[in-house]
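S.K.: What follows is the residue order along each chain.
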Amino acid sequence: MHELSIVMSIIEIANGEATKANAVKIDEIELEMGLLSGIEMSAFDFAWQEAVKSTVLENAERIIIRPGGKAVCLECNNSFDLDSLYSPCPVCKSHFINIIQGKELRVKSVTVE
Amino acid sequence: MCATCGCSSDQHHEHDDHHHHHHDQKTVIDVERDILHQNNLLAERNRGYFDAKNILCLNLVSSPGSGKTSLLEKTLTDLKGELDFVVIEGDQQTTNDADRIHATGTKVTQINTGKGCHLDSHMIFHALQGLKPKENSVLFIENVGNLVCPAMFDLGEKERVVIMSVTEGDDKPLKYPDMFHTSTLCIINKTDLLPYVPFDINKAKENAKKVNHKLEIIEVSCTSGEGLSQWYDWLKSKVPVPEMVG
Ligand SMILES: Nc1nc2c(ncn2[C@@H]2O[C@H](COP(=O)(O)OP(=O)(O)OP(=O)(O)O)[C@@H](O)[C@H]2O)c(=O)[nH]1
Ligand SMILES: [Mg+2]
Ligand SMILES: [Zn+2]
Ligand SMILES: [Zn+2]
Numbered sequence: 011m012h013e014l015s016i017v018m019s020i021i022e023i024a025n026g027e028a029t030k031a032n033a034v035k036i037d038e039i040e041l042e043m044g045l046l047s048g049i050e051m052s053a054f055d056f057a058w059q060e061a062v063k064s065t066v067l068e069n070a071e072r073i074i075i076r077p078g079g080k081a082v083c084l085e086c087n088n089s090f091d092l093d094s095l096y097s098p099c100p101v102c103k104s105h106f107i108n109i110i111q112g113k114e115l116r117v118k119s120v121t122v123e
Numbered sequence: 517m518c519a520t521c522g523c524s525s526d527q528h529h530e531h532d533d534h535h536h537h538h539h540d541q542k543t544v545i546d547v548e549r550d551i552l553h554q555n556n557l558l559a560e561r562n563r564g565y566f567d568a569k570n571i572l573c574l575n576l577v578s579s580p581g582s583g584k585t586s587l588l589e590k591t592l593t594d595l596k597g598e599l600d601f602v603v604i605e606g607d608q609q610t611t612n613d614a615d616r617i618h619a620t621g622t623k624v625t626q627i628n629t630g631k632g633c634h635l636d637s638h639m640i641f642h643a644l645q646g647l648k649p650k651e652n653s654v655l656f657i658e659n660v661g662n663l664v665c666p667a668m669f670d671l672g673e674k675e676r677v678v679i680m681s682v683t684e685g686d687d688k689p690l691k692y693p694d695m696f697h698t699s700t701l702c703i704i705n706k707t708d709l710l711p712y713v714p715f716d717i718n719k720a721k722e723n724a725k726k727v728n729h730k731l732e733i734i735e736v737s738c739t740s741g742e743g744l745s746q747w748y749d750w751l752k753s754k755v756p757v758p759e760m761v762g
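Going down the list, the protein sequences come from chains A and B. Each number in my numbering comes from the position in the first sequence (counting from 1) with 10 added on. Each number in my numbering comes from the position in the second sequence (counting from 1) with 516 added on.
It should be emphasised that the hints constitute simulated quantities derived from the structure, not laboratory data. Any given hint might turn out to be false.
[To be verified] Which residues of chain B face chain A? A few of them, derived with a C-beta cut under 7 angstroms, are: (1) 541; (2) 547; (3) 665; (4) 693.
As the structure is a prediction and not an experimental result, all values here were calculated from the model. Where a beta carbon is used, it is the ideal one built from N, C-alpha and C, also for glycine.
Extracted from the complex, chain B is given alone in its bound form:
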């Protein structure tokens, strides 16, 4: 594969201190390695890159259609001039979402995963080489619309934001606990539709808190704009303060 990131499969030279037990001609090798080791390693590398450049990286995850791109469109437009944004769009097919982001005047890179149902740290590593985000910028990664698979794959993000919408069941956090368990913020979107759907918002919040007691929750409507200012405040509070020179 590529030399820059050491991603080829013949790169596992660590762990040369294995214990070997011999049974007849067979040798048992103690491996004791995390299956996600390779992904986690590159995620840490991405994280190091973000830290060095003072970049705030957020990984946006949700079921298909919960409003990830809509939330980005609003945010990029409303906070233009206040924060520097860059976006990585992950989709199985099409550049539709990237086109929507591009239309807001924001720098964006598309990753098409084909059959792949999630982004991984390796894809992000390569996307960053092309994107070259500026120091002190905010990087949004819109993951593939899927509430299961992306949960396991650390991309090197600082914050993981899970979005659910009121047109989904209020038991979503219990049905897909891994994603809610690994996220730091939950956005409940499409609150403008609350009068028309049998969604119990308190129940939804309670369920999300059951899975992850540390999860913060913000209710918004990307259509009416309600609640967005709370999201913007949260976002700005996460932006690292650049180190003062001198």
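Pulled out of the complex, with its shape left as it was, chain A reads as follows:
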């Protein structure tokens, strides 16, 4: 359950931002978690529920943006969408690809009062 470590890191970042802004709680947090980032959402939600109790994020509204996978084929230069790390290039079927989107794991913004 590495999702718990991920949630703990988010809490740490949120805490730092709340402290800097002299806020005691965060109203909203915007996260970017790519579809290829290796996060299992049900595990993430479960970890979130448990971990945010008594923290600045306890009642925060969560907005999760999930960028889809995108890659560039290194054989034929074709850009394409992919839904797994092992999707081949649809044009030439090559696995020599470079993933350019979908692995994001970021805290984009927090909203405080």
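Position chain B with the ligands against the provided structure of chain A, taking the given hints into account.
M.R.: Just chain B with the ligands, lined up with the frame of chain A:
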């Protein structure tokens, strides 16, 4: 927590150039920070330490029981005298693996992660303070047996070695793509059992290459010793050449 590594949560003073948008009384703060920022930062620190001391650090990952400790036992014994080794053992419980390493005469530190399912760069940072690996040594980190969670956590290693064994499915790379995607070498272990299991080794290699076209693959048996010399050659080829004095 500790002052040496700056790991306490009140240490985020960077990014003071945030944009603040005000809506009513609410303020939106643009954070734009990688969630793994803290781990990556300490991983880079570890990497800097390894570079400075000319240490080759390898992170060994696999499902439970694929043969990480067995491969280490063989390697530490067979290459004793040729290379200087140190080992960090990560396990949720027990010091069994560390004891096995200790029995080969190699310096070893145990990290018990308790409920934690992976090592992180912070644990390694602290382990290094106790271990004090010598210059020009080879540091093996045996991660917790788990093919999912350790994938995301850079420890500062130079090489990540994923081990799978022929008693597992040949579709393992497709089921756990993240680990194969982030590794540099894949060792397929327990090849002595190939006659007894329905494991298609070519299929397994093909699947691993689908996930990571750069992945190198070596087949070994820790029991019979078959293929180990290829692994040793690979390992020696990765050892950085110490800078000549004068
Ligand atoms: N037949 C066969 N058995 C092996 C081989 N390598 C390891 N084993 C056996 O596989 C079992 C697990 O090996 P370990 O080296 O403890 O595996 P590990 O990956 O360190 O396991 P954890 O640390 O618990 O995740 C042991 O019983 C080994 O003797 C091999 O090449 N062939
Ligand atoms: Mg072991
Ligand atoms: Zn192509
Ligand atoms: Zn610390």
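S.K.: Run every hint past the structure and note whether it holds.
M.R.: Cross-check of the supplied hints:
1. Because the smallest distance between the Cβ of residue 541 (chain B) and any Cβ of chain A comes to about 6 angstroms, under 7 angstroms, the interface hint for this residue holds.
2. The closest approach between the C-beta of residue 547 (chain B) and any C-beta of chain A is roughly 5 angstroms, which is under the 7 angstroms cut-off, so the hint is satisfied.
3. The interface hint given for residue 665 (chain B) is met, as the beta carbon of that residue sits about 4 angstroms from the closest beta carbon of chain A, less than 7 angstroms.
4. For residue 693 (chain B), the suggested interface contact is upheld, since its CB lies about 4 angstroms from the closest CB of chain A, less than 7 angstroms.
Of the numbered hints listed earlier, not one is contradicted by the structure.
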